[in-house]
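Residue numbers (my numbering), protein chains in the order written: chain A, 5 to 346; chain B, 5 to 346; chain C, 5 to 346; chain D, 5 to 346.
Hints were generated in silico from the structure; no laboratory data involved. Please note that the accuracy of each hint is not assured.
For chains that are exact copies, the list does not tell them apart, and a pair is met inside one copy or across any two.
Dumping the calculated SDA-like pairs for lysine to any residue here, alpha-carbon to alpha-carbon at most 25 angstroms [to be verified]:
no., residue 1, residue 2
1, Lys120, Leu130
2, Lys120, His137
3, Lys257, Ile31
4, Lys257, Gly36
5, Lys257, Arg272
6, Lys257, Gly59
7, Lys120, Arg165
8, Lys120, Gly132
9, Lys120, Gly320
10, Lys257, Leu189
11, Lys120, Val97
12, Lys120, Ile314
13, Lys120, Gly131
14, Lys257, Leu271
15, Lys120, Val283
Here are the chains, one letter per residue:
4 protein chains.
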Amino acid sequence: MPVTGNHKSFGSDNHSGAHPEVVRAIIDANVGDATAYGNDDWTAAATAELRDLFGAAGAFFVFNGSAANVLGVGLMLRPYEAVISAESSHLHVDECGATERVLGNKILTVATPDGKLTPELIASRLGGRGDEHRAQPRVVEIAQVTEAGTCYSLSELATLRDFCSAEGLRIYMDGARLANAAAHLDCELAELARYADVLSFGGTKNGAVAGEAVLVMREELVADVPYLRKQQMQLGSKMRFISAQFSALLADKLWRTSARHANSMALRLADGIRDAAGVTIRYPVQSNAVFPALSPDRIAELRREWTFHIWDETAGVVRLMTAFDTSPTEVDALIAGIRASG
Amino acid sequence: MPVTGNHKSFGSDNHSGAHPEVVRAIIDANVGDATAYGNDDWTAAATAELRDLFGAAGAFFVFNGSAANVLGVGLMLRPYEAVISAESSHLHVDECGATERVLGNKILTVATPDGKLTPELIASRLGGRGDEHRAQPRVVEIAQVTEAGTCYSLSELATLRDFCSAEGLRIYMDGARLANAAAHLDCELAELARYADVLSFGGTKNGAVAGEAVLVMREELVADVPYLRKQQMQLGSKMRFISAQFSALLADKLWRTSARHANSMALRLADGIRDAAGVTIRYPVQSNAVFPALSPDRIAELRREWTFHIWDETAGVVRLMTAFDTSPTEVDALIAGIRASG
Amino acid sequence: MPVTGNHKSFGSDNHSGAHPEVVRAIIDANVGDATAYGNDDWTAAATAELRDLFGAAGAFFVFNGSAANVLGVGLMLRPYEAVISAESSHLHVDECGATERVLGNKILTVATPDGKLTPELIASRLGGRGDEHRAQPRVVEIAQVTEAGTCYSLSELATLRDFCSAEGLRIYMDGARLANAAAHLDCELAELARYADVLSFGGTKNGAVAGEAVLVMREELVADVPYLRKQQMQLGSKMRFISAQFSALLADKLWRTSARHANSMALRLADGIRDAAGVTIRYPVQSNAVFPALSPDRIAELRREWTFHIWDETAGVVRLMTAFDTSPTEVDALIAGIRASG
Amino acid sequence: MPVTGNHKSFGSDNHSGAHPEVVRAIIDANVGDATAYGNDDWTAAATAELRDLFGAAGAFFVFNGSAANVLGVGLMLRPYEAVISAESSHLHVDECGATERVLGNKILTVATPDGKLTPELIASRLGGRGDEHRAQPRVVEIAQVTEAGTCYSLSELATLRDFCSAEGLRIYMDGARLANAAAHLDCELAELARYADVLSFGGTKNGAVAGEAVLVMREELVADVPYLRKQQMQLGSKMRFISAQFSALLADKLWRTSARHANSMALRLADGIRDAAGVTIRYPVQSNAVFPALSPDRIAELRREWTFHIWDETAGVVRLMTAFDTSPTEVDALIAGIRASG
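All chains, please: the whole structure from these sequences, using the hints.
If you want it as structure tokens, here you go:
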């Protein structure tokens with residue numbers, strides 16, 4: 005899917021380049037020598053800031069989101085244990101089997117209406133505990149934001165957490181778009197992190213060149229991370245260049261400004277097309293994505309000028325995604341395009 | 005090991021920052037939208053250049069050297085097959101067991117005097133072929149440059165290649181410092197690549213921010229790579245920022261200029277200390293590293309001012325490594341320091 | 005679940021001991037020396053018989069059913085490929101994640117009404133082919149007999165085979181109870197095997213002490229098996245004692261006599277309770293299992309005297325399983341017990 | 005290597021059949037129903053006897069020696085940890101890479117003169133502890149009896165144990181021939197077991213049809229075993245038939261009688277050829293194997309009548325192995341043959 009025509013891409017928030025402040029941070033970090041593999045001042049500073057911001061016991065950088073998920077989930081699993089995730093989760097669907105290959109653990113999936121797990125849905129996969137023939141559920145993987153662009157509310161997270169604690173389950177939160185969730189819920193990152201045992205905080209979709217952080221909320225899990233990260237081929241040698249990006253995202257809460265902007269562009273888009281003839285929006289708009297259902301002809305017509313993914317071929321649902329650098333003008337142009345199509 | 009004092013680090017070529025041209029390329033690539041995961045113009049251009057330069061069937065970017073090695077080696081192995089490598093190889097020693105964990109394959113090691121394999125050394129690990137109780141040797145992993153800073157000559161490579169072909173073995177060449185080898189041998193990259201089935205070409209130690217290329221020399225191995233790379237968590241979403249770095253390294257053969265410079269600084273260093281009292285240089289100097297043996301007191305004294313690794317504690321051998329940005333003045337200062345020490 | 009009371013267990017066909025002919029074969033094989041690991045006359049004879057009987061390119065013994073499944077499925081998978089199986093499959097549910105751990109491959113599951121896959125159900129999991137983010141479906145795993153005691157008809161198998169061939173998918177058939185399927189369909193084993201690329205033939209549930217055979221229908225897959233079997237820890241040293249059991253099962257088609265008997269006992273049981281008040285039989289009875297739904301009280305009452313599994317706690321379905329050594333008297337006693345209960 | 009001629013095989017102790025008492029136990033266990041997967045009286049009895057005999061926290065049956073080793077070693081390893089073993093160990097050489105494939109852990113090997121590790125040899129592989137780039141040594145794998153037929157003395161075991169405890173290392177003892185070691189040292193099995201954290205006790209080479217026991221000496225490791233055993237495809241359904249064999253081996257210390265006999269036959273053989281012209285015996289004879297060096301012609305001549313393995317082609321060393329059923333007459337015939345050859 006090449007980016008089409010003269011319009012801003014609505015294909016994904018990783019179609020955007022990097023935020024200028026992030027590039028500036030890379031330039032600034034390119035000065036003199038620094039010990040490799042994270043033993044440098046930039047990394048010390050950025051990880052301290054992250055630990056602080058999340059109330060975390062440890063913060064570690066990896067290269068991408070799949071790596072953050074595999075590292076984070078694997079940290080809490082013994083060989084015979086399993087992860088429960090939504091059937092639509094990135095972990096299950098979009099990582100080419102990395103969990104099974106690199107960790108060797110089973111994923112137990114549950115169908116969800118909107119990408120979100122509930123205690124009831126999780127409970128439906130808890131059969132066979134204590135039975136040696138069955139992989140033993142141990143980690144519940146939730147995404148905040150989900151693949152459907154939805155967010156767990158703080159009270160939903162609290163309920164999940166209570167349920168999981170009572171059941172001896174741990175929570176991994178895929179936070180590739182955690183900034184968008186915190187912006188949507190207007191809460192601190194620590195208010196989300198407290199419901200997880202391990203979570204990720206995505207830099208790439210928030211304006212970084214490349215880089216994700218893994219936050220470890222339990223002290224006893226921290227010691228294993230450096231070895232697992234290295235073994236999983238995620239230890240960068242000139243790490244200062246990842247760390248500096250994160251410091252840029254954290255400075256003056258740039259992460260929040262960018263996420264808020266992206267979210268508001270999605271809302272503007274949704275509001276602009278909600279009452280258009282023949283348009284139905286699937287899922288509540290709670291982050292930087294809008295999922296309208298459109299007729300096949302209309303989709304084809306729009307794709308001649310705009311870049312976006314078809315989400316559900318059968319139902320004719322497409323995904324329109326905004327980013328830190330999506331302008332109101334570009335949104336309005338798409339709104340006009342959708343309204344004029346068909 | 006923090007970088008000490010006011011001197012240039014001789015600890016590793018990854019203590020350096022990035023070459024200004026590489027950073028410039030990142031800045032230049034930060035323009036407009038681009039489809040994610042390598043479907044962009046920068047990646048198309050850089051991989052085409054690499055295929056051309058190496059005579060390769062395919063070129064693929066990953067984040068770091070461990071990942072390049074695991075991807076490249078794994079591409080040629082069935083589950084019960086093994087890799088033969090030098091006992092001192094990065095693959096075996098320095099990747100925290102990534103090969104065993106991610107691929108599940110056994111590494112059969114051979115002691116070498118200088119990091120280099122020979123037909124005789126390889127032959128010593130070929131016992132048990134056809135015996136179902138034994139992992140079956142299939143890939144020979146060589147590093148060009150080796151961990152000892154030595155290079156295979158073109159005729160040594162030709163001999164290895166002939167031996168391996170006759171024995172039904174494939175060759176993976178760890179080229180984290182391939183540029184330094186090509187500079188030392190004053191040959192084209194394709195002249196090295198033709199002796200391998202798969203090889204890597206390191207960007208990071210050659211002045212990149214982060215990024216390595218995997219070159220696949222056999223057409224029939226290409227189709228698997230995208231899936232394996234994704235599964236091994238090495239598919240970058242904003243890939244243009246890696247690709248652009250490689251285009252910068254290839255432009256006007258910057259890779260060669262940088263590698264030549266680093267090599268010449270190592271030779272200058274070696275020449276400056278070779279006749280110093282109490283100094284013996286281990287291994288021929290064939291790239292950007294010098295391995296002098298020094299007394300413990302002298303090592304301790306020097307480390308108060310300079311940054312470098314102790315290579316062999318018992319023998320008192322240290323590793324002094326130069327980079328694209330090591331200046332003659334810095335080398336001369338270290339020479340003077342070594343001569344004055346002890 | 006200890007075997008209760010004085011009644012024959014209806015808990016599983018592996019609650020039975022071994023057929024006397026099988027034990028006799030072990031005694032007879034215990035004579036003199038024999039080379040280990042299958043290089044013996046008993047193994048040569050038994051594997052030749054099996055290759056013949058199935059029209060197979062290769063026949064290999066392993067210790068149990070999980071091992072047969074993992075070996076057979078893994079033989080056809082590259083690291084990034086996936087198996088499609090019924091959500092209720094033994095492979096997915098009852099092997100404690102062996103596929104993910106030992107092979108590292110993903111299982112893509114489909115809900116089925118009766119444990120049987122259809123082209124439509126398989127097609128529902130074929131999305132994302134050619135997309136590097138998705139594990140690529142390659143093997144369809146079917147069980148003949150299924151966990152629900154149902155069998156694919158020969159024409160259903162032919163349809164599946166055609167569909168899979170057209171889609172570039174391979175078929176693995178879990179034949180832990182293949183004898184029961186052949187008895188039910190009154191067909192030769194080769195008539196079932198021709199629809200599979202690899203399949204298993206269960207000895208244990210058919211009266212063996214322990215042992216399963218893996219039949220490889222494609223010549224090009226045979227060479228890998230000895231290494232994979234050894235690596236998967238399934239190469240028995242005194243293999244004659246497994247091989248001799250299979251020769252006993254094959255002699256005078258004992259396998260068919262035993263399977264027919266077990267199947268007929270299940271039909272007798274089903275016929276005896278079908279019209280009983282408050283009893284509904286779920287799934288057609290096509291092998292040696294009957295799945296009646298009963299009230300909780302009745303289940304509790306019956307379990308004080310008889311041994312059987314609760315299959316579906318919510319729906320009150322239990323599994324009553326017969327074996328080669330289940331007598332009509334025992335079946336009639338259970339029929340009477342069920343009719344009298346509640 | 006088919007068993008040659010009319011002579012007893014000296015090829016391996018698994019060329020023998022099963023001890024008549026073991027077969028008798030199988031026959032006796034073939035009575036009535038028993039719950040599957042080890043929930044039966046035979047298994048309860050045999051595992052209780054084993055726990056008692058070894059002073060173990062848990063006893064578990066698996067099918068073969070490779071499986072016992074992988075289960076036992078894996079029980080004590082995190083993903084980034086490594087096993088230290090002798091370069092000649094069965095674990096490293098003869099299991100087709102099962103440890104790397106099934107566990108994903110690295111084996112760090114040490115050359116030994118006689119198959120035995122010492123604190124010094126182990127210490128040579130402890131470099132890099134605490135360094136995230138290096139797999140972290142955690143388990144020391146020793147074989148009692150070693151591949152060279154040698155045994156650790158009790159005081160050597162005590163020394164190893166002290167060293168390992170001080171270094172935070174755990175000990176796995178491959179006891180495929182543990183009976184022969186206990187017979188040689190004239191000690192109780194518990195006297196050996198106390199120096200290990202986990203160990204195996206081999207049935208097959210001691211006269212069983214098939215079956216090995218894994219003894220877990222640390223209470224906190226027991227709970228994981230059932231899941232790992234199942235996942236590693238080593239849970240037998242009709243387990244009573246393995247358990248009963250072990251009860252037979254334990255009854256009246258049949259295991260010791262058989263091992264003593266085999267050992268004494270090896271000694272008789274060694275004594276009979278020690279002073280023969282052109283014969284040098286390598287390794288002390290401490291179990292049921294003798295390793296004489298002979299000229300190539302002599303080896304060829306002897307192999308026309310006797311079955312045995314060539315151990316070291318270069319040095320002309322062969323392995324002559326005795327078993328529970330090797331008779332003095334057969335030993336004397338071989339002695340005469342060797343003396344007459346050449």
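Hints, one by one, checked against the model:
no. : hint            : in the structure
1   : Lys120 / Leu130 : both (17 angstroms within a copy, 24 angstroms between copies)
2   : Lys120 / His137 : between (28 angstroms within a copy, 22 angstroms between copies)
3   : Lys257 / Ile31  : both (20 angstroms within a copy, 23 angstroms between copies)
4   : Lys257 / Gly36  : between (28 angstroms within a copy, 24 angstroms between copies)
5   : Lys257 / Arg272 : within (23 angstroms within a copy, 48 angstroms between copies)
6   : Lys257 / Gly59  : within (16 angstroms within a copy, 47 angstroms between copies)
7   : Lys120 / Arg165 : within (14 angstroms within a copy, 37 angstroms between copies)
8   : Lys120 / Gly132 : both (23 angstroms within a copy, 22 angstroms between copies)
9   : Lys120 / Gly320 : within (22 angstroms within a copy, 30 angstroms between copies)
10  : Lys257 / Leu189 : within (15 angstroms within a copy, 51 angstroms between copies)
11  : Lys120 / Val97  : both (15 angstroms within a copy, 24 angstroms between copies)
12  : Lys120 / Ile314 : within (21 angstroms within a copy, 31 angstroms between copies)
13  : Lys120 / Gly131 : both (20 angstroms within a copy, 22 angstroms between copies)
14  : Lys257 / Leu271 : within (21 angstroms within a copy, 48 angstroms between copies)
15  : Lys120 / Val283 : within (24 angstroms within a copy, 39 angstroms between copies)
Going through the hint list in order, the structure satisfies each hint without exception.
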